[in-house]
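Protein chains in written order, with our numbering: chain Z, 19 to 289; chain G, 5 to 430.
Any given hint could be a false lead.
[Stated by the list, open to error] Below, in silico cross-link-like pairs of lysine-lysine (DSBU-like), each with a Cα-Cα straight-line distance of 30 Å or less:
1. G:Lys270 with Z:Lys179
2. Z:Lys199 with G:Lys211
3. Z:Lys232 with Z:Lys258
4. G:Lys157 with G:Lys344
5. G:Lys189 with Z:Lys176
6. Z:Lys176 with G:Lys211
7. G:Lys270 with Z:Lys199
Don't read these hints as lab results, they were simulated from the structure.
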Amino acid sequence: MIDLLKILLPVGYVIVTALYTWRFFSDSRRFGTGLIIALVLTLGLHIFYLYSRITLLQHFPTTSPAELLSLIALAMGIIYLWIEFRLNVQTTGVFVLSVITVFQVLSSAFITSGRLPDPLLSSPLFSLHTSAAILGYSAIAISALYATLYLLLFYDIKGSKFSIVYSRLPALEVLDSMHIKAATAGFSFLTFTIILGIVWLKLTFDQVLLLDWKIVTAFITWGIFGVVLASYRLFRWSGKRLAYFSLSGFMTIVISLTVVNYFLTSFHRFP
Amino acid sequence: MKAFEIYVIGLNHKSASLDQRECVAVSPQRLSGLLNTIQSSGHWSEVVGLSTCNRTEWYVVGPTNPELIRCLRTLLNITDTVELWSEPEITYVKKHTDAVRHLFRVASGLDSQVIGESQILSQVKDAFTVAMEANTTGPIFNNLFQTALHVGKRVRTETEIGAGAISISSAAVELANKIFSDLSKRTVLLIGAGETGDLTAQHLQAKEIKTLYITNRTFSRAEEVAGKLGGYPLPFESFAEKIAEVDIVISATNSPHYIVDTDLVKPLMSRRQNRPLFFIDIAVPRDIDPQLRRIDNVFVNYIDDLNTIVQKNLNLRKEEIPAANRIIQGEIGQYKDWLKSLEVKPVIASLHKKFENVRKTEVEKNKKYFHQEDWEDLEKLTTSLMKKFLHIPLMQLREAAQNGNGQMKRIEAAYELFNLGSDDEE
């Protein structure tokens with residue numbers, strides 16, 4: 019059953035992404051409700067898949083990058099759905115869903131059938147820490163996407179190109195606002211993640227290993243987004259500069275997830 | 005059996021010059037009287053007249069007889085005191101499906117000078133309302149025009165035929181809306197109160213912008229435009245300072261050199277706390293230095309950019325024509341089905357009447373052979389028998405009306421077999 023879901027889920031996301039791609043290029047509102055239904059059904063399938071894994075593994079599946087990618091994909095999908103309802107804009111869906119699809123395809127390709135439950139993972143504090151981290155990283159990924167869309171439209175207008183980006187995307191002001199909102203949410207969750215992580219470390223190992231590579235990269239990400247938000251509030255940086263900073267923050271996370279997980283040893287790997 | 009035809013006779017911006025269109029244009033006050041004149045000629049059961057700056061068209065329902073169109077041409081020549089309606093190069097006549105298609109295309113804006121313009125839909129609605137009030141519409145046009153209005157709305161909702169700005173001033177507003185989501189919170193400065201600038205400011209005012217400042221070398225002109233648009237006049241010497249406050253600057257002066265450059269704007273950006281500043285320069289030669297584009301959060305667009313937007317939007321509208329035609333074709337099919345069902349209805353009614361007459365006559369003739377208390381049962385029995393006999397022929401007629409397969413043949417056969425025409429005469 020779980021193996022079937024593992025295949026069905028990326029297929030579902032591919033279909034939803036194809037529908038949102040059609041929506042972007044056709045700009046027809048005819049099947050708007052149909053798109054939302056397709057997305058909700060796929061997210062429902064994802065939640066069922068997650069529930070099946072929890073039932074199988076007897077713990078929250080956050081022990082490998084593949085599992086994390088799937089959780090980030092789900093969190094991003096839910097955050098995007100919320101944004102779509104709030105903004106009533108469907109034309110940005112193709113960009114968010116493309117990333118979600120890539121994450122889920124990678125997750126389904128590399129996920130293993132399961133590991134033995136680790137006693138460390140049963141702590142409620144750990145569950146809170148990982149949940150906050152997933153929400154934080156997902157919000158940051160969304161913020162990076164909106165930053166990218168902002169830059170695309172910004173250069174389209176500045177360069178007087180007036181391409182499909184111009185005709186389909188919402189106003190720069192809206193994209194900037196969503197970028198900052200998502201970045202604020204990401205920064206808040208990341209702050210919460212770091213605090214909970216430190217407390218959990220202290221309680222579990224009676225020491226704080228701040229030199230762990232993943233913690234270091236988390237601090238760097240947190241710092242970049244701190245600068246982004248402080249610059250926005252205090253120095254009124256323009257949307258373009260903020261967008262570039264957000265993207266660099268997102269790249270740090272990508273490096274954290276790939277380089278640190280595959281090339282460096284860290285306690286964040288659970289044997 | 006009476007066969008009817010839907011006709012449209014008209015002329016439009018493609019077939020006739022402005023002078024010619026002027027000659028046959030009908031004012032709303034005159035329209036009602038003309039509708040009654042045409043209907044009272046005795047040939048046409050239903051009449052609707054559509055007269056706009058781009059077209060004058062008469063939609064009529066009447067018997068299938070080409071001669072009658074010649075009569076209509078003559079009548080229109082007399083009422084308009086012209087000879088234009090007799091000229092086939094200037095006027096066009098379409099009948100039945102072509103006439104229906106033409107009306108659907110008109111209502112959808114496909115036949116308009118600017119493809120997809122929305123004004124025509126309300127003009128079709130007005131034309132239909134006037135005809136209804138003048139009692140010159142019947143079941144055919146009531147359905148046809150309501151369907152046309154529905155088609156017009158469908159085409160605009162389901163395609164992009166009416167999307168995007170198609171004038172310089174509306175393109176400027178569209179562009180402003182791509183930078184600022186809510187124009188009602190924005191302050192605008194209009195430099196140069198000429199015609200184009202005035203028009204752009206009007207379009208922005210329609211979006212209920214927060215404040216509009218107007219400056220002009222001749223202050224009295226700035227005051228005049230400010231009074232008209234509900235803005236605030238500003239002395240030309242002080243407009244530079246105002247740039248620090250406003251969000252959008254529309255420039256349309258006759259100045260031979262730049263009036264806004266980087267030296268002026270750069271220091272203002274820190275005072276503006278780096279908020280986006282959008283310049284729309286519709287002047288030739290240009291008023292705004294292109295170097296301003298290098299400043300972060302400053303957007304500068306010129307008349308050529310606005311022209312590009314307009315052209316792209318027009319091309320997008322043209323690309324939507326096949327999709328609009330598909331909708332129209334589908335709706336024509338449905339309307340034709342309805343028309344066919346209309347043709348079958350009188351045959352069914354005649355058949356019922358004929359059989360009922362036979363039944364009543366026979367019952368009256370023979371009821372003396374029955375007891376009086378059985379007469380009610382006799383009525384029931386004969387009625388039931390009549391319905392059973394008629395069931396298959398009526399079903400075949402209804403089926404033919406729905407599918408259109410040999411419909412006319414079946415109608416004609418029914419008339420001949422049951423001698424229905426003679427019944428009418430009786």
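Against the structure, the hints come out as follows:
At roughly 25 Å between alpha-carbon atoms, G:Lys270 and Z:Lys179 fall within 30 Å of each other, so this suggested pair holds. Using a Cα cut-off of 30 Å, the hinted pair Z:Lys199 and G:Lys211 holds, with the two alpha carbons roughly 27 Å apart. Under the criterion of a C-alpha separation no larger than 30 Å, the hint pairing Z:Lys232 with Z:Lys258 is consistent with the structure, at around 29 Å. The hinted pair formed by G:Lys157 and G:Lys344 meets the criterion: a straight-line CA distance of about 25 Å does not exceed 30 Å.
Restraint check: the Cα-Cα separation between G:Lys189 and Z:Lys176 comes to about 23 Å, which is no more than 30 Å; the hinted pair holds. Taken as a hint, the Z:Lys176 and G:Lys211 pair is honoured in the structure, with Cα atoms around 23 Å apart against an allowance of 30 Å. Straight-line distance between C-alpha atoms of G:Lys270 and Z:Lys199 comes to about 29 Å, which keeps the hinted pair within the 30 Å bound.
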